[in-house]
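Peer 1: Respectively, the protein sequence lines represent chains A and B.
Numbered by our numbering, the letters in the first sequence go through residues 1 to 479 in order.
Numbered by our numbering, the letters in the second sequence go through residues 480 to 954 in order.
Treat the hints loosely; a few may be bogus.
Unchecked claim - As a list, the in silico DMTMM-like pairs of lysine to aspartate or glutamate whose alpha-carbon atoms are at most 20 Å apart:
#	chain 1	residue 1	chain 2	residue 2
1	B	K606	A	D121
2	B	K554	A	E95
3	A	K4	B	D588
4	A	K274	B	E900
5	A	K274	B	D649
6	B	K606	A	E124
7	B	K554	A	D88
8	A	K134	A	E145
9	B	K731	A	E10
10	B	K731	A	E473
11	B	K527	B	D610
Unchecked claim - From the derived model, a few chain B residues whose C-beta atoms are all more than 12 Å from chain A:
#	residue
12	V555
13	K616
14	Q707
Worth flagging that the hints you see were computed from the coordinates, not collected in a lab.
Every residue, glycine too, gets a C-beta built ideally from N, C-alpha and C.
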Amino acid sequence: MFSKLLTVLETLPFSAEWVGLRAVRENRHIRTLRDQRLARHGSVLSQGVMVEVLCQGQVGYGAVHSLSPHRIVEAAIVAYRQAIAAADWTLSPTEMSSRPTLVGEYQSPVEQPFSSLTSADVIEVLHRVGGALKVSDRIVQTIAEITLADVESWFVSSNGSQIHQSFNRVMTNYEATAQAGSAVQTRSDNGWKARSYQGGLEFLVSEDLWERAQRIGEQAVELLDAPDCPTDCRSLVLAPDQMLMQIHESVGHPLELDRILGDERNYAGGSFVKPEDFGQLTYGSEQMNITFDPGLHHEFASYAFDDTGVPATKEHLIQNGKLLRGLGSLESQARMKVPGVASARASSWNRPPIDRMANLNLEPGDTSFEDLIAGVERGIYMETNRSWSIDDQRHKFQFSCEYGRLIEDGQLTQVVKNPNYRGTTPEFWGNLVSVGDRQSWQMFGTPSCGKGEPNQLITVGHASPVALFSEIEVFGGDA
Amino acid sequence: MLTEVNLVLSAENFSASNLTESLPPSEPKLSRAETLERAFEVAIGFLKDLCQTQEQFTLSLMAEQSQFCRFNRAKVRQTGQVLDASLTLTWILGSRSSYCEFPLSGDWDYDRTLMLDCVTNLRADLKHIPDNPYLVKPEGDRCSHAVHRGQLLAPDQVIYQVLSQVTDLDFVGIYSAGWSVRAYADSVGQFHWFMSEAFSLDYSLFNTAGQAVKGIYAGAIWNQDAYQQNLARSVDQLKRLDRKAQRLDRGKYRTYLAPAAVAELIPMMSWGGVSEADLQQGGSWLLGMRQDDRRLSEKLSLIENFGRGTVPRFNDLGEVAPESLTILNRGRLENTLISSRSAKEYGLVSNGAAQDEALRAPEILPGTIAADSILAELDTGIYVSNLHYLGWSDRPQGRITGMTRYACFWVENGELVAPIEHLRFDDSLYSFWGENLIGLTDTQECIPNVESYDRRSIDTRWTPGMLIEDFTYTL
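With the rest of the complex left out, here is chain A (with noise of 0.2 Å):
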């Protein structure tokens, strides 16, 4: 592919400035089983090539759906135009240092090739979590799906890059849904497609698939009987499979330098964080460490470069509650001169790379699980999210979970429905009052964080430990 791309390259009949071409091909399996039969069975292949083009300090796109080399030059000359109808009403001219040659790859850790299981092993191991799942007659639906895909991205530029990039992508989703009379409760597996990894057949079938699958059934049927998640404010125990929500829509989005900028003002929205923000906000309190970690084994939007060629590395955004750093490239820092991380990404080989999250994670303190309950007197714990909506300046939200347990005394109690709470961001954080250690750390994702004009759905990882807040307003289906 690389001497093919290099190729189109030297034979563009046009002089720019900077030229980039970046292919893609990725292939999904797509498999679900619902009440253990099989509803979708298929595959999809997309792959072309976005080619962007500097003129006059303009960035010119132009994509196409095919890896052809004289497709690809009709794009670049698409392009080409693109970028001199614009240039006199560039909002920023784009510098060649936002763009710097560079030439590595990367490879996704990956111990099962999806190559070890045929189609039939894979609906066979679905078919059986879909048994596992059906815990009782009360179980009216049960899910149980899997989608696995391979992407590889080539990038070369012309001042020197090259950079091959292959992703292995694991995403599986079960869910169990109980019925009794109009009132219904469905319990997940840690949330739709948390389970996203980079790997293979490994996160699959590991040690404790059957006992998760069996107790999704059985909190599914607990959850109809239980009552509704009490009306007020108490202390508030997230389990990593809420924070993965929590960090993403209210730590995420807002630190996304395009935001700040004003660039998704009409879409997404911007931020409550202004960019003098920077260096100075308290953003929460001094239990709050929260990194951009590219390199964490396994965790779904890992990477070695992001989609303009520039190298990724760990860097704290938020360091003992003070904002350091925000999500943004080279383009976006240079715009705003604040600090930012290799995260200008791409959804796929037709859309523009746009700032973006990819993994972003709580760091871990050194509470156990127990020791952290133990010191609530009067709270709730809640597991896995249900909805989510938060303001467009990512200010005010709400979430529901699925499920939620009173704390009382120090101990974990009556099983509650409908768990639900709101908050206000900044205030939210201040009242980060104790984090989890390493052992009560998960790592989740998700494919589908959705941004962008054109829109673009990108994977993102998320790892925490569970943490506790204080003073949160929580409330059940009624309030």
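Use these hints to put chain B onto chain A, whose structure you have.
Peer 2: Leaving out everything else, chain B in the frame of chain A:
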């Protein structure tokens, strides 16, 4: 015949030297939808030749050529074009099926190789997967062909035409335009083709306090005067945001939801709503209406209306939906969306729904409140222009949470007093589309769906505004 597809620069005749003298025309030949239709027909013929006696197939095409210009502060942030065409081939043997999605480039050698690989892989898959008792096989003799041409701005004219009108404004948004194709064919000879050319300019205007208005100028024929009038209305609305924003306490307020705000609620009908499968499997908020005889306000009626012709009537199984289907009739659940698969599984009759059983041409019927007297009807309360980021807070109870967004005002005695600081609402459709629904305005607006995940949407939603008593705000 096959070479007729290859109307573009081919790999064989391409060389750099024939381009260096002058660039090709600004519209490369590969951008033509006609070329794509020919390639689709060739693909169908090729697959029919491959298809053996016991086999069947369906073939769907989704394609677009898109011009995207993204703006911030009345300047260009990003600009480019995307050409994409994707076939979904479902191969059927007995009661088994599997599908493969792959690109259709229009270069025959390239496409033929991909298609052969797909068919080989699908045949191999079918040996190892279980039977599907609810498999829907292609049948019938339905064909359709619809082409809706537009008059779009030339790509090199877009930026000037859009931005030269807004140089003194904090203008942010995206212009999206081009052709879109939805097509279907199968081994029994059914064929549907739907092509439309359209544009949308989805924008916001901000003032220095960070308050904003939302505008959408969309259609098939760009008209500079109409664009300027659209802008002028938004500018006028922006001036009303100059007053200091008022902070309201959480609580219940009489509320007017403008059509664009109501349009944000309509997708909740497709997300655990009108799907028969969702109702059967416990995933629909409408379960209370079916099982417990709960009702919404008799002022509320929702239909699927394909009569406007802006979206194809055929679905992903090649079936043609009725021109109109009533979903909610004066507050009662009259029909759900039933796909052929659900019909087989639950012993029902399909009503032409797509396999995902989502609304494709939703329309809320108008009411009786004069739209031009809505402030007087609201009297004292909140005027909500747009809603944002909706999610279920308790789906079985029909409870939704979300935010107010853009130009929202506190109104007293029928007069706009001041913009508000944005509020979070959390309320049940059984309440605010039920006994708390005071009424709907007497005119509908067409709100285009401007989303572009994977591809540009071609959907629209028709809806009036809604006046609601005691709408619940929680933060």
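Peer 1: Now, for every hint given, state plainly whether the structure supports it.
Peer 2: Cross-check of the supplied hints:
1. Distance hint between K606 (chain B) and D121 (chain A) is fulfilled; the C-alpha atoms sit about 13 Å from each other, no more than 20 Å.
2. With a C-alpha separation of about 17 Å, the suggested pairing of K554 (chain B) with E95 (chain A) holds against the 20 Å cut-off.
3. Distance restraint check for K4 (chain A) and D588 (chain B): the Cα-Cα separation of roughly 18 Å lies within the 20 Å cut-off, and the hinted pair is therefore satisfied.
4. Only pairs whose Cα atoms come within 20 Å are accepted, and K274 (chain A) paired with E900 (chain B) is accepted, the gap being roughly 18 Å.
5. Proposed proximity of K274 (chain A) and D649 (chain B) is supported: the alpha carbons are some 18 Å apart, at most 20 Å.
6. Taking the CA atoms of K606 (chain B) and E124 (chain A), the gap is near 14 Å; set against the 20 Å cutoff, the hint holds.
7. Of the supplied pair hints, the one linking K554 (chain B) and D88 (chain A) holds, its CA atoms being roughly 9 Å apart against a limit of 20 Å.
8. Our distance criterion of 20 Å between C-alpha atoms is met by K134 (chain A) and E145 (chain A), whose separation comes to about 15 Å.
9. For the given pair, K731 (chain B) sits about 66 Å from E10 (chain A) by alpha-carbon distance, which is inconsistent with the 20 Å threshold.
10. This hinted pair checks out: K731 (chain B) and E473 (chain A) have alpha carbons roughly 18 Å apart, not beyond 20 Å.
11. Taking the CA atoms of K527 (chain B) and D610 (chain B), the gap is about 23 Å. The hint is violated against a cut of 20 Å.
12. Its beta-carbon lying about 4 Å from the closest one in chain A, V555 (chain B) breaks the requirement of being farther than 12 Å from that chain.
13. Chain A leaves K616 (chain B) outside its interface by the beta-carbon criterion, the shortest separation being 16 Å against a cut-off of 12 Å.
14. Every beta carbon of chain A lies more than 12 Å from that of Q707 (chain B), the smallest distance being close to 18 Å; the non-interface claim holds.
Against the hints set out earlier in the document, violations occur for numbers 9, 11 and 12.
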